[in-house]
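Whole structure, please, built from the sequences with the hints as guidance.
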Amino acid sequence: MSTVTLIGSQLAEPGTEFVYEGEADACAGCPYRSQCLNLSTGTKYRVTSIRENAQTLECAMHDGGVRAVEVEPAPTRANITSKGAFAGSKTSLPGPCPYVECPSHEYCEPDGVEFDEEYRISEIVGEPPHEVCHLDRSLELVELETES
91 MSTVTLIGSQ LAEPGTEFVY EGEADACAGC PYRSQCLNLS TGTKYRVTSI
141 RENAQTLECA MHDGGVRAVE VEPAPTRANI TSKGAFAGSK TSLPGPCPYV
191 ECPSHEYCEP DGVEFDEEYR ISEIVGEPPH EVCHLDRSLE LVELETES
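Residue 91 is where the sequence shown starts when you use this note's numbering, and the numbers rise one by one after that.
The set of hints was computed from the structure by calculation and includes no laboratory data.
Warning: the hint list may mix true and false statements.
Said to hold, decoys possible - Simulated crosslink set (EDC-like; lysine to aspartate or glutamate; CA at most 20 angstroms straight-line):
#	residue 1	residue 2
1	Lys180	Glu199
2	Lys180	Glu208
3	Lys180	Glu213
4	Lys134	Asp201
5	Lys180	Asp201
6	Lys134	Glu196
7	Lys180	Glu233
8	Lys134	Glu204
9	Lys180	Glu207
10	Lys134	Glu207
11	Lys180	Glu230
12	Lys173	Glu217
13	Lys180	Glu217
14	Lys134	Glu160
15	Lys173	Glu199
16	Lys173	Asp226
17	Lys134	Glu208
18	Lys134	Glu162
19	Lys134	Glu233
20	Lys134	Glu103
21	Lys180	Glu235
22	Lys173	Glu221
23	Lys134	Glu113
24	Lys134	Glu107
25	Lys173	Glu230
26	Lys173	Glu207
27	Lys173	Glu233
28	Lys180	Glu204
29	Lys134	Glu199
Here is the structure:
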């Protein structure tokens with residue numbers, strides 16, 4: 091189910107993904123607060139469409155203003171411990187990884203996912219993109235369920 095919200099005009103493209111971080115200091119007193127601050131903090135979203143005939147509104151946070159778009163929670167791919175990983179089971183991330191150059195780093199520390207939270211696995215994707223885990227972890231690449 092999609093939600094109408096306002097985002098920066100430069101981000102207002104179908105397919106753009108972002109993690110909603112909540113209210114910024116510059117939002118205080120803005121007349122469009124209720125249209126902008128209507129998402130769940132820490133959730134990853136994908137823009138599904140731009141509202142037709144919507145005007146660009148001035149914004150203290152976004153150069154070029156904001157536009158009305160439809161968004162929905164976006165699925166997140168993550169590397170998890172492979173032992174006991176199957177679709178429908180709950181899991182959490184194994185922990186932070188300092189190896190930022192690793193091709194799997196974006197899946198070991200994915201946007202919108204917290205280390206101390208549990209998530210349900212919606213799909214097993216397969217092997218992670220790295221050849222060797224420098225932390226000697228046995229990992230599986232999965233897709234986590236989106237929040238509804």
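### Task
Any hints from earlier that this structure breaks? Give me their numbers in increasing order, please.
none
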